[in-house]
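Let the sequences and hints guide you as you build the complete structure.
Listed below, chain by chain, are the residues.
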Amino acid sequence: MAERARPLSLGAAAGWLATAGLLLLTVGTTAAVLVRAGAAPRPGPGDWAAVQFTALQAAASALISAALAVPVSRALVRRIFPGRGALITLMGAPFLLPGLVAVIGILEVFGRAGWISRAIAPLGLAPLQIYGPAGIILAHVFFNLPLAVRLILQGWHDIPAERFRLAASLGFGPRDVARLLEWPMLRTTLPGTILTIFLICLTSFVVALTLGGGPRATTVELAIYQAFRFEFDPARAAMLGAVQFALCLCATLATMRFAAGAGFGAGLDRPIRIIVAQAAGARIHDVAILLMVTAFLSAPLLAVVLAGLPYLFDMPASLALAALRSLIMAVASSALALGIALALAHVALRAGPAGKLAEVTGMLSLSASPLVMGTGLFLLLRPLIDPTAVALPATVAVNAAMAVPFVLRILLPGLREIQAGYGRLSDSLGVTGWPRLRLVTLPRLRRPLGFAAGLAAALAMGDLGVIALFGDPDRATLPLEVFRLMGAYRTNVAAAGAVVLLVLSFTLFWICDRWGRNART
Amino acid sequence: MLALDHLTLAVGDFRLAAHLTVKDPGVTAIIGASGSGKSTLLAAIAGFLVPQSGRILWNGEDLLPLAPGQRPLTMLFQDQNLFPHLSTAKNVALGLSPSLRLTAADWARVDQALLRTGLAGLGARLPSELSGGQQARVALARMLLRARPLLLLDEAFAGLGPALKAEMLDLVVALATETRAMVLMVSHDPDDALRTAPQTILVADGMAHPPVSTTDLLANPPPSLRRYLGK
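Protein chains in written order, with the numbering used here: chain A, 1 to 521; chain B, 1001 to 1231.
Keep in mind the hints are simulated off the structure, nothing from the lab. Check before you lean on any hint, since a few could be wrong.
With beta-carbon atoms standing in for the labels, derived distance ranges [claimed, not checked]: (1) A:G352 / B:E1167: 40 to 46 Å; (2) A:L180 / B:V1011: 39 to 45 Å; (3) A:A288 / B:Q1078: 42 to 48 Å; (4) B:S1131 / A:L291: 50 to 56 Å; (5) B:S1128 / A:P82: 29 to 35 Å; (6) A:F81 / B:G1161: 28 to 34 Å; (7) B:S1128 / A:A420: 15 to 21 Å; (8) A:P174 / B:A1033: 49 to 55 Å; (9) B:A1033 / A:I80: 47 to 53 Å.
All values derive from a computational prediction rather than experimental measurement. In this text, a Cβ means the ideal position worked out from N, Cα and C, and glycines have one as well.
Here you go:
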């Protein structure tokens, strides 16, 4: 259907502004990095080792997460038990979990002085050695196993229930079901899942920052940070940024071929009864797997809380101030991400090249590295202003940009539905422009809007990226403050800070999501 | 007077031509097989489809440059005529102000329109708290307040069941007669046309034919219509 030519509306203007801003933050900063890298020294052997390690740990993390996720999701699909819904909700939690909180929890459980080391000491066994490649991969599996489970669960639910009924009526055994139904589904789901996790682990920073380091376990992202922070060498940081950009680009191009869904779609808590798998052996197998994964996912969270709670009142005053600062920044970042996503969506919903450009722009930061963005911003801002002075707004902007792909994916289906269901009615009544947004779009979009706002706020709350790069020590965010306490070996107070961070992140999400669920429809 | 002047519409491979005028106020039915282009024709008049060529004139004024909301018409859709999150009164009030900025006098007019359509006292309810017939009446109350001289019905009330549909069509005709509005009514039911529309536009074979007397058309249908009617 032909598009009516109209003068540039407010919405379209906002859409183009958002597109331009986001392009500046992603492509613009990358370009600044590439230009600067052109004059930088070539990557040395140490840098190539970092590239190799980055790819290897990401591949290992992705493969292990996906391999473990297959039996877990299968057990979830075919068992009905009390607390099943809660467990699936727990699977969504690591997405909102601040990286630092998870790392502290993992150290409390798997560290030198952690639960397991203490438990095996009486047996004469040496304490676990968590720092290095093993720790990084362990933390990445902790974060991404739940994501993999949710993605594969989606695949399982995409198999029509009628197929399983047919299989049961034809007397299929478990092996036949696996070969004829489950394996074809996994073959289409797994590549996307593995690549998505690979991409996440390529750009993961906090885990490498806290558990990595040294010649054996330095990722490119960590090397950028070190070039900045310890070597004061922006040129080297830019060179490493260019390397990281190339890595991400390759991974993104590969991922696009096997695009997996976002994995937080609706309907995941609906069980499928697979009649053929009710044998006692299968049941014990499933229960054991579910118990193990529940323990693995909840132990670190429990450990943080247990370690931190007794020290809540020993926290320095600077932590409270940092918490307040982080809260404000999280809300600002969430609002900015929502504004950008809504404006982009306004253009993205149109047919034609403009819509495509807006949608692709919205997804760009999915493959961008926050530290590359940070480095680029630093290079762009330095001739104009002291970057340290604007570290907080820069962090807000980068966090918003990082959240836009998720927000856009959450909002677009709802917006398409509104367009299809109420677009003509609104047009015919002359409800356009600002009144349309106020009276039709926002009220009808409230539920996904609340969810997206919560997600963006929690992501920003827990982020430790750009702020670590060139933040002012006197104006730290809560994650940065907790990281400093860790570095000063004040482990208990750091854990207390992590508890605050955890509670604030989840509360922010809960409030926003709650608001969305109270929608009148 | 509505004039479709050498109008050509295109949706994908589908083409529809129309060159006709509808002169008098009152009801004109548009009938034809499904897929013949009845709704496409209405969509073009309402402003949702830009014609490939030709003009759409209302009393000599070209409607083409006007956005859907600015055209001198109200359209009733098959379904989704109401916003489910807005109260009945607000849904009606959109007919007076698309931004819902109303004066006290405006709200009094909303109440009158609700009264006229048999919805007195229901203004605070959400559409989901109304019956199907009442929901249709809300759309009619809004149409009354919009007071546009042309009314387009795109198989409106089709979901209501025969008795209720007939009642609603009668109400529309009564309201349109009151305001001396012209009504174009797309229907796949020839009985609707016979009951309410003195004249009918037949859409068949990629062509919207000029209006003719409904009784004559149905008494002596051309072959394309005969196939559709199954006679």
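- Checked against the structure, which of the hints given earlier come out wrong? 3, 6
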